[in-house]
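Number of protein chains: 2
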Amino acid sequence: MNSDLILLGHGSGGTLSHQLLEELLIPALSGEGLAGRNDAAVLSLDGRRLAFTTDSYVVDPIFFPGGCIGDLAVNGTVNDLAMMGATPLWLSAGMIIEEGFSRKELAAIAAAMREAADRAGVRIVTGDTKVVPRGTADRIFINTSGIGVINHDRDIDGTRARPGDRIIINGTIGDHGIAVMAAREGLDLETGVQSDCAALNGLVAELLAATGGAVHVLRDPTRGGVATTVKEIALQSRVDIDLDEAALPLTSGVKGVCAILGLDPLYVANEGKLIAFVDADRAADVLGVMRRHPLGIDAAVIGEVTATGTGKVRMRTAVGGLRGVEMLAGEQLPRIC
Amino acid sequence: MNSDLILLGHGSGGTLSHQLLEELLIPALSGEGLAGRNDAAVLSLDGRRLAFTTDSYVVDPIFFPGGCIGDLAVNGTVNDLAMMGATPLWLSAGMIIEEGFSRKELAAIAAAMREAADRAGVRIVTGDTKVVPRGTADRIFINTSGIGVINHDRDIDGTRARPGDRIIINGTIGDHGIAVMAAREGLDLETGVQSDCAALNGLVAELLAATGGAVHVLRDPTRGGVATTVKEIALQSRVDIDLDEAALPLTSGVKGVCAILGLDPLYVANEGKLIAFVDADRAADVLGVMRRHPLGIDAAVIGEVTATGTGKVRMRTAVGGLRGVEMLAGEQLPRIC
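Residue numbers (my numbering), protein chains in the order written: chain A, 1 to 337; chain B, 338 to 674.
Calculated directly from the structure, the hints in this document are not laboratory data. Computed from a prediction, not measured in an experiment: that's the story for all the values here. There is no bait here: all hints are sound.
List time: in silico EDC-like cross-link candidates among lysine to aspartate or glutamate, alpha-carbon distance up to 20 angstroms:
| hint | chain 1 | residue 1 | chain 2 | residue 2 |
| --- | --- | --- | --- | --- |
| 1 | B | K649 | B | D577 |
| 2 | B | K441 | B | D397 |
| 3 | A | K104 | B | E359 |
| 4 | B | K592 | B | E582 |
| 5 | A | K104 | B | E360 |
| 6 | A | K104 | B | D341 |
| 7 | B | K649 | B | E663 |
| 8 | B | K649 | B | D581 |
| 9 | A | K104 | A | D60 |
| 10 | B | K592 | B | E522 |
| 11 | B | K441 | A | D4 |
| 12 | A | K255 | A | D298 |
| 13 | B | K592 | B | D581 |
| 14 | B | K441 | A | E22 |
| 15 | B | K441 | B | D475 |
| 16 | A | K255 | A | E185 |
| 17 | A | K312 | A | D240 |
| 18 | B | K441 | A | E23 |
Calculated Cβ distances over 10 angstroms to all of chain A for the following chain B residues:
| hint | residue |
| --- | --- |
| 19 | R456 |
| 20 | T496 |
| 21 | G501 |
| 22 | L524 |
| 23 | Q573 |
| 24 | L585 |
| 25 | K592 |
| 26 | L600 |
| 27 | A617 |
| 28 | A621 |
| 29 | R629 |
| 30 | A644 |
Idealized CB from N, CA, C, for every residue including glycine.
Could you put the whole structure together from the sequences, leaning on the hints where they help?
In structure tokens:
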């Protein structure tokens, strides 16, 4: 392994990604407002708070059960804004297309983007299209950047988890990653697993309206999965966390594929899930709001913040043991989003 | 030529790009705010006008005389905001990196981005990094999106050219395209041509402060060059335009390479140039402001709007003839920005 080269794992969302960001990209690019470990930057304009985020989507295959690169690109960026407690308003669409790509597929992807934008209540207001010679990109990559407004004065970010907080997820884990992987390997018909790709801004708006300041942190466990996301927040907030394996919502389809392939669903990407850190005494309310929303029917409390600390995350296993949880090391499934 | 496939020319910025946008992408993606033919979308937030734009950069080679993909990505997006009369504030940086890319080159590119951002007075506030397997992208692609504020109540956009307007450019044409092409072909040492890559927001701010409402349209002639940009504006504003070949500022280096290779500099990309459409009676003032600015020393009046019309553009040639000017057809130099 040559440390002078960029490796696939640098794009995993896990340990190597964090190293690359901390050692190279953040120091090099950073102004004081750099989002760093949060999903979006929070910016101030005339006393009004804006959220601004960007994501490039390179998923392979570009069409998979439950979605395609188009709605993924819209929902993913909408979610990054929603995780800062912002109301997403406007998106950009920057496409890099390989020469020879099918116009029909491009049209289908654009239609999926528009449909996802309409469903999320955002508008795609500006765009850019580049075409590169055959063999210099793989079909299509899409960047979406997004702007939202923060219409309240609460701070929701990764540094605000505190001892006692309950950790709640809005549903089953690993669906997106397993759906994409199965499609890539031609197994999609057999597994029946669908991506959970969805916009979470509606659910977040209801959560914040109903439970306000009880929500301390929101984050969507995409690349690197629930394990990496919880570990990130533990480190950002300097707290220790216990997760409860038996409480993790999981479909039998995802469970089955993970068992066969030796994958840990805790590290598999999600695209319609959020993890909320909430006041213990409001956890039941948050759970209630989620379960009444179509995207939160399977919501569950999956753990709690045990103490201030050094960012230690442990899993209480189904058989009662405790094991340490670290970020994703290396790359489990490249090009998952 | 199979019309079901995306061709290199669809990314040229010329005729095919416009067709793809008009026939497929704009109708599919569009909300009412879609920037369409303008460089950025203008959005309203609490009565405050924001500009929002996105661009992906796929230039080959990634380092070229006068710049690299990093400063190009910052300056290009800063310029798109400035062309709407906005003050650029914040940028995002979305990188797609090929597995095996050099960390050292990545660091150099990030440093160039930061330096360009500092020089332009903008901050890179959020980012994203994806790594794709070897052979599925060519080294590095960078998307930058940007937000600016419009601190005045004038409308500067491509629909506002009017009969009598003088057309002014801030300097020599074709430098960026020829520099990149020469570097790609290994001719850079011989030609000595440098990219003009630069942020134009400072020049625009001075222009607007000094000459205010006299400036009707600003646009940077990037892909497709001066010819395509002027034709675009003629069509958007429904006016006819005459350009004056003898007035076009051109270095001997660019002239020489174009002559040898049979390229028309009018179609070659620029990255530190703007075309301004201004009131005839203020043209001398605009020219004066430009020429006192380091990025406008070679500014020149290169044509005028002759009448309302159908978007006809003609070139008065050096020998006194008139020839029609159309948008770039096909693709002259792929991956120029």
